[in-house]
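Novice: Take a look at the letters that make up each chain.
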Amino acid sequence: EAGVTQFPSHSVIEKGQTVTLRCDPISGHDNLYWYRRVMGKEIKFLLHFVKESKQDESGMPNNRFLAERTGGTYSTLKVQPAELEDSGVYFCASSPFGTVDYTGELFFGEGSRLTVL
Amino acid sequence: KQEVTQIPAALSVPEGENLVLNCSFTDSAIYNLQWFRQDPGKGLTSLLLIQSSQREQTSGRLNASLDKSSGRSTLYIAASQPGDSATYLCAVIKGVLKTSYDKVIFGPGTSLSVIP
Chain A
1 EAGVTQFPSH SVIEKGQTVT LRCDPISGHD NLYWYRRVMG KEIKFLLHFV KESKQDESGM
61 PNNRFLAERT GGTYSTLKVQ PAELEDSGVY FCASSPFGTV DYTGELFFGE GSRLTVL
Chain B
1001 KQEVTQIPAA LSVPEGENLV LNCSFTDSAI YNLQWFRQDP GKGLTSLLLI QSSQREQTSG
1061 RLNASLDKSS GRSTLYIAAS QPGDSATYLC AVIKGVLKTS YDKVIFGPGT SLSVIP
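First to last, the sequence lines map onto chains A and B. The numbers in the numbering used here rise by one with no breaks, and the one at position 46 of the first sequence is 46. Offset between the second sequence (1-based) and the numbering used here: plus 1000.
Just chain A, same shape as in the assembly (with noise of 0.2 angstroms):
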């Protein structure tokens, strides 16, 4: 079964341009998350898609973030127009949802670095 992926895994883009982050969760995963980790700093949470809904996008920096998850399958990630600050790691994550055997394990993809010029 493959696990999580996400592309590009890395992308160089200048501050002001637009980028886009793809994640495929596991299939059959309900819950997706996104997570960044910038330098130096912790993981931090950004959002939570229950299939196509997005649970709690409270981690969002800001307006410029966008994410979608149309159809409940694969997600995106939209930076525009891109900061310097925005760079880091772009993680996402799934778990199943409301399962009898559910624990909530969370399993990741390898993240997506981001450098913004």
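Quick caveat, the hints were computed from the structure, so don't treat them as lab data. One or more hints might be untrue.
Unchecked claim - Pair by pair, the computed Cβ-Cβ distance ranges are:
# : chain 1 : residue 1 : chain 2 : residue 2 : range
1 : B       : Thr1026   : A       : Gly59     : 11 to 21 angstroms
2 : B       : Thr1026   : A       : Glu57     : 22 to 32 angstroms
3 : A       : Lys54     : B       : Tyr1076   : 37 to 47 angstroms
4 : A       : Thr76     : B       : Ser1070   : 35 to 45 angstroms
To be verified - With a straight-line cut-off of 25 angstroms between C-alpha atoms, the simulated DSS-like cross-links for lysine-lysine are:
#  : chain 1 : residue 1 : chain 2 : residue 2
5  : B       : Lys1001   : A       : Lys44
6  : A       : Lys78     : B       : Lys1042
7  : B       : Lys1068   : A       : Lys44
8  : B       : Lys1001   : A       : Lys54
9  : B       : Lys1103   : A       : Lys78
10 : B       : Lys1094   : A       : Lys44
11 : A       : Lys41     : B       : Lys1094
12 : B       : Lys1094   : A       : Lys51
13 : B       : Lys1103   : A       : Lys51
14 : B       : Lys1001   : B       : Lys1094
15 : B       : Lys1001   : B       : Lys1068
16 : A       : Lys41     : B       : Lys1042
17 : B       : Lys1103   : A       : Lys41
18 : B       : Lys1103   : A       : Lys44
Ideal Cβ placement from N, Cα and C applies to all residues, glycine included.
Starting from the structure of chain A, add chain B where the hints point.
Specialist: Relative to chain A, chain B alone:
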């Protein structure tokens, strides 16, 4: 507000030593706690998951304990090896009901170096 801390921030030990990494959290109402490992430039690898009703979990040379009442978890690594060098993160998962949403709060991590 849930806060998660990890001590020490960095640790360097000679190969073969047993070691303990600490994780503390301020709100004991957690659903479970998960320990991860992150290698440089890589994603997060789940090591152990402890549900709130459990006291400990073991996997190979790793043993994680959980004391909800005191807001603490420890990760014990036996007979450390150079390949154990990585950043170790604990994360508390707060979910009241199985049908409610979860929010995961990460600690800052402990950077471990095992010297050959």
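Novice: Just to be careful, I want the Cα atoms of Lys1094/B and Lys44/A compared with a cutoff of 25 angstroms; is the pair within it?
Specialist: holds, 15 angstroms
Novice: Starting from the range 37 to 47 angstroms, see whether the pair Lys54/A and Tyr1076/B falls in it by beta-carbon distance.
Specialist: For Lys54/A and Tyr1076/B the Cβ distance comes to about 39 angstroms; the hint holds.
Novice: Between Lys1103/B and Lys44/A, is the straight-line Cα distance small enough, at 25 angstroms or below?
Specialist: holds, 11 angstroms
Novice: So if I understand the rule, the pair passes when the alpha-carbon distance is 25 angstroms or less; does Lys41/A with Lys1042/B pass?
Specialist: The hint holds at about 16 angstroms.
Novice: Given the hinted pair Lys1103/B and Lys51/A, is their Cα-Cα distance within 25 angstroms?
Specialist: Holds: Lys1103/B and Lys51/A sit about 16 angstroms apart, inside 25 angstroms.
Novice: Return holds or violated for the Cβ distance of Thr76/A and Ser1070/B against the range 35 to 45 angstroms.
Specialist: holds, 41 angstroms
Novice: Do the alpha carbons of Lys1068/B and Lys44/A lie within 25 angstroms of each other, as the hint requires?
Specialist: Roughly 22 angstroms separates the two Cα atoms, so the pair holds.
Novice: Just to be careful, I want the Cα atoms of Lys1103/B and Lys41/A compared with a cutoff of 25 angstroms; is the pair within it?
Specialist: Within the cut-off at roughly 18 angstroms; holds.
Novice: Given the hinted pair Lys1103/B and Lys78/A, is their Cα-Cα distance within 25 angstroms?
Specialist: Holds: Lys1103/B and Lys78/A sit about 22 angstroms apart, inside 25 angstroms.
Novice: For the pair we were handed, Lys1001/B and Lys44/A, check the Cα-Cα distance against 25 angstroms.
Specialist: holds, 14 angstroms
Novice: Could you say whether the range 11 to 21 angstroms given as a hint is met by the Cβ separation of Thr1026/B and Gly59/A?
Specialist: Between Thr1026/B and Gly59/A, where Cβ atoms are some 18 angstroms apart, the hint holds.
Novice: Given the hinted pair Lys1001/B and Lys1068/B, is their alpha-carbon gap at most 25 angstroms?
Specialist: holds, 16 angstroms
Consistency with the previously given hints is maintained throughout, with no hint failing.
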